[in-house]
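Chemist: Given the sequences, and given the hints that come with them, work out the whole structure.
Chains as they are written, first to last, in this note's numbering: chain R, 12 to 593; chain G, 138 to 281; chain B, -16 to 347.
Among these hints, one or two may not hold up.
[Unchecked claim] No more than 25 Å apart at the CA atoms, straight line, and that leaves these computed lysine-lysine pairs for DSS-like: (1) 361/R <-> 317/R; (2) 90/B <-> 168/R; (3) 289/R <-> 431/R; (4) 41/R <-> 431/R; (5) 361/R <-> 423/R; (6) 250/B <-> 200/B; (7) 41/R <-> 557/R; (8) 200/B <-> 378/R; (9) 359/R <-> 114/B; (10) 378/R <-> 136/B; (11) 200/B <-> 173/B; (12) 90/B <-> 557/R; (13) 165/R <-> 154/R; (14) 378/R <-> 114/B; (15) 100/B <-> 136/B; (16) 41/R <-> 455/R; (17) 517/R <-> 250/B; (18) 432/R <-> 455/R; (19) 132/B <-> 378/R; (20) 114/B <-> 136/B; (21) 484/R <-> 100/B; (22) 388/R <-> 114/B.
It is worth saying that the hints were derived from the structure and are not from the lab. Since the model is a prediction, treat every value here as computed from it, not as a measurement.
Each chain is listed here by its residues.
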Amino acid sequence: MTQRVVVDPITRIEGHLRIEAETDASGAIKAAYSSGTMVRGIEIILRGRDPREAWGFAQRICGVCTLVHGIASVRAVENALAYEIPANANLIRNLMIAAQYVHDHVMHFYHLHALDWVDIVSALKADPAATSSLAQSISGYAKSSPGYFADVQKRLKGFVDGGQLGIFAGGYWGHPAYKLPPEANLMAVAHYLEALAWQRDVARLHAIFGGKNPHPNFLVGGAPTPLSTDPNASGGGAAATTLNIVALSEVRDIIGRMTAFVDQVYVPDTLAIASFYKDWFARGEGLGNFMTFGDFPSDGSANPAKRLLPAGVILNRDLSHIEPVDLNDPAQVQEFVSHSWYDYSGGKAKGLHPYDGETTFAYDGPKPPYEQLDVDKGYSWLKSPRWRGKAMEVGPLARVLMLYASGHKETKELADYALKKLDAPITAMFSTLGRTAARTLETKIIGDQMKGWLDTLVANIKAGNVAVHNAAKWEPSTWPKEAKGVGFMEAPRGGLAHWIVIRDGKIANYQAVVPSTWNAGPRDMQGQPGAYEAALADRHVLANPKQPIEIQRTIHSFDPCIACAVHVADPDGNELSSIRIV
Amino acid sequence: MTTQALHPSVSPQEPPRLTGMSEAVLAEVAARLAEVVAGASVPPIDLTAMPLTSEDRADLEQRLGRGEVFATVESAGRSQIWETQFSGVWFVRHFGENDRIASECIEFGAAPEILFSHRADMSAAARRLAAALQSADAREKTDH
Amino acid sequence: MPQAPKLAPTLGELLQERGVSRRAFLKYASYLSAVMALPAGSASALAEGLANARRQSVIWLSFQECTGCTESLTRSFSPTLESLIFDLISLDYHHTLQAASGEAAEKAREAAMAENKGKYVVVVDGAVPTKDGGLYSTIAGVSNLDMLKATAKDAMAVIAVGTCAAFGGIPKARPNPTGAAAIDEIITDKPIINIPGCPPIPEAMAGVVSYLVSFVKLPELDHLRRPKAFFGETIHDRCYRRPFYERGLFAEGFDDAGARQGWCLYKVGCKGPVTYNACATLKWNGGVSFPIQSGHGCLGCSEPDFWDQGGFYRPLSTNLRDMGPALAGAALAGAALGAGAAWASRRHQESYQREQNPNEGDKK
Ligand code: SF4
Ligand code: SF4
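Modeler: Have a look at this one:
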């Protein structure tokens, strides 16, 4: 007997995601379908505008990974115009991107993912003294006294006794899939709260360079934050004018507090929690194909060899071989719409490279309100991007594997250390829990680079190099009549690229193919599932179809960002009259 | 540029340090204090939201000076309260997370309200104290 | 006063349990009345209101949005998100934060609506697509349009956070492919507060919610339903670069000598003079900076249709020197009126004492 389990909304993610899963009599998932249920059409909106302000629009694709679309967008314009930017601007961007990683990953772990593994209600039964010993046994983090945990527990108790559970209402508390002892649950609750306070501090780094967070400001041709060698020019407060050594020391302090939390809380917590859920190292793999685009020019130059994160493709788990990636090659990157609510002028069967990308809204799903999607037709606002016809997973796991496969020393050491602690082989990484662990590992790897980038920036300033913006190509009158380019980056959720076509100083075409489209997209023409769909079909048995915590675990291990994935809509085909309501 | 001529006293190259705002605030303090003396209750002056340079702030703080009372309140973060050298004019500074100044204002009157104990806290304290005495009593008895 | 059933403890009782005194309320209340420029004595009234309130049931609906508004709320320093959602309100439905998914999540929303009928507050981020029956955004198979109408029906008030919910925002930007609409274009029979910004300043969102919990009425609103306390003045009115503007000292590029000296960004497109918001006073991320301080002009993100106002980098064409008396400018010119002017310009706030009918919010 097949049963259809529908989870909509999937919560604790960015955006609107629906999962439908077919299970057999034992509750095992046989097939899963991932559907993005919201569309805005930001690419239609971008058409005809000034390319220099595209970043602001693109950035609003997502407010969680708030800077990634801004960065990809300014890089796309710069790539199209062969617009070089000062090394300082690249270093500032590195710092901002890295802060985004650390911020996003920690918040994902504690605020979006943790409740899949941590039973809040069980924490009430914990002994604060035993929690304190547990915490002290895994980390030197200062806040670990019995009194501290007793306070947290008291707060939680007041909350639960008050009868208004708020965000914790309706959770699957007491579900047999929760395996942590009460003390580990209490420790995690405490760190849930600590991480909320900590992340506010991290976001300040963005505000220093970008004026605010979420949605800091960017600038085509560099960075908008002028630097000064005059220590009196700034320093925060009402008299602040430009960024100087004093303000940069605040950045240094923030980096210190960021990395300390990662080392003392996030890494040990991940290892501690994972040790209770080792069975999740054996399911949720999915595709086995991984792709990265590369990022972080470590010296501020445009030289790809200097990038911290390399680009490439790993196929069928084969870590001994890395294929090169060329985003400009029409044979490599294509988007399909066979199961998406779009049409192509050349027919739904074709794949299109983003420079020629088109997307006509063509909804053929059920009329809302509906109970179930018809997965033989279109069933998502996401397209299905493919690399040489193959479905790919992007994200932390892809990056850690790529760093590992390309022999990055720190990654090898860190991954081997973690795997040894968990008594797991490297193949354990190909799993739900492996994905979650990879996110933690790369947070440390990337966070640890930040001090070096800041040192380089400060050394430049001290040497009198304060340039942050190249004004040479700012005026559209200096641009060629037509230009096209691609801007790419490694966003926290995976490889991200924006393609732009500029004509007469205006945007003629704009296409973004984003990490969650690679991961969350529907089946393609051949019926090949996307990464979520494949991962869910890998050894998931639902203990209770009414409480599908297993689905949550694997979906959250990807850290979905669905507003990102479904932003597309065609510049050419905004023919809304073509909508078919079935 | 014509606009520069409007303010010939300020060198166009110098970023402003003392903008005159501290002067303006002091004048306002004087006006409100006079109202208080006349028996009115007047709102605090919120400094957090004013376009003061750090030089303006220092100037203001220095000219108001310190009077006889200085208090620290530890409740949801730290607060510092002091009477300025002008009786009835109080400086109230609240700190938020990570010891950053969350708000800063000048209050007027006999004492800022945050210094007073609240009835609800007093009755809770009375209950607590009674309970503590009782259990001390009980311990004493079992000890004998 | 809205009361949860089963007479839940008041906020004052809850915090007393944890050994937190009333001073904590007073401290927050004085901060809030300072930033909202409430008249004398309102801090203690606000504190009393908070202490005697019960955790307000809040249902947060996310539609055509980017989650930036929620992210922004997590950056609130006073009060923090933790104290907001664990101490002040009961956040009964919120996709990004809630534990439950799918059916259990929808049940939590329905339960909160039933238990707090007529008393819960609905917060919305994101616009609502109205074209083609609203099929461009669904949750649990239900269109946003239907979910908004059903959820707002028994609400006490609706707060539209972010420019998307307040004015349509980016989904509504030309050519508005999905027929995106603002909340008050759809809900017309409920008190509505708009807190625009892309995203809004977190302290403004938290402040308005606290005000509502404490006084159970709407703060004074402007003609766009924005609380005057946060949207009563332009960025330009309170910009620390204003003295440079007054002296005609403008950055001509982003990294020229003027830019490095922090001169006015008017010529590189700053929209501060026509943007009503509190960035220049409250600033962002615990006061560390705000867009102009970090060198980029204001985008005007709290104004309707700011995406379609002719370009971020095009200088405003208005003759700004005629825009009325300016606080910083007046002080600079030696007129010792600064604080007094600030106070007077906010005196309208005293009207908050008038008995207010929440339905009276100014119409657009
Ligand atoms: S107002 Fe801005 S931050 Fe808020 S949802 Fe809309 S685009 Fe995102
Ligand atoms: S134009 Fe902009 S930068 Fe200049 S004073 Fe006004 S708000 Fe400030």
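Chemist: With the threshold set at 25 Å, check whether the alpha-carbon distance from residue 432/R to residue 455/R stays at or below it.
Modeler: Roughly 17 Å between the alpha carbons, so the hint for residue 432/R and residue 455/R holds.
Chemist: Tell me if the straight-line CA distance from residue 378/R to residue 114/B falls inside 25 Å.
Modeler: Given that 25 Å is the threshold and the Cα spacing comes to 13 Å, the pair holds.
Chemist: Hinted pair, alpha-carbon criterion (25 Å max): residue 517/R, residue 250/B. Please report holds or violated.
Modeler: Judged against 25 Å, a Cα distance of about 21 Å means the pair holds.
Chemist: For the pair we were handed, residue 90/B and residue 557/R, check the Cα-Cα distance against 25 Å.
Modeler: Roughly 12 Å between the alpha carbons, so the hint for residue 90/B and residue 557/R holds.
Chemist: Within 25 Å, alpha carbon to alpha carbon, are residue 250/B and residue 200/B?
Modeler: Given pair residue 250/B, residue 200/B is violated - Cα atoms ~42 Å apart, limit 25 Å.
Chemist: For residue 484/R and residue 100/B, compute the direct alpha-carbon distance and say whether it is at most 25 Å.
Modeler: Roughly 59 Å separates the two Cα atoms, so the pair is violated.
Chemist: Are residue 100/B and residue 136/B close enough, with their CA atoms no more than 25 Å apart?
Modeler: OK: residue 100/B and residue 136/B at ~9 Å, within 25 Å.
Chemist: Between residue 378/R and residue 136/B, does the CA-CA distance stay at or below 25 Å?
Modeler: holds, 23 Å
Chemist: Within a Cα-Cα threshold of 25 Å, do residue 361/R and residue 423/R meet the stated pairing?
Modeler: violated, 41 Å
Chemist: Is residue 41/R close enough to residue 431/R, meaning Cα to Cα at most 25 Å?
Modeler: At roughly 33 Å apart (the allowed maximum being 25 Å), residue 431/R and residue 41/R break the hint.
Chemist: Taking 25 Å as the top limit, are the C-alpha atoms of residue 289/R and residue 431/R close enough?
Modeler: holds, 13 Å
Chemist: Taking only the CA atoms, is the gap from residue 200/B to residue 173/B under or equal to 25 Å?
Modeler: holds, 13 Å
In terms of the numbered hints stated before, the structure departs from hints 1, 4, 5, 6, 8, 16 and 21, listed from lowest to highest.
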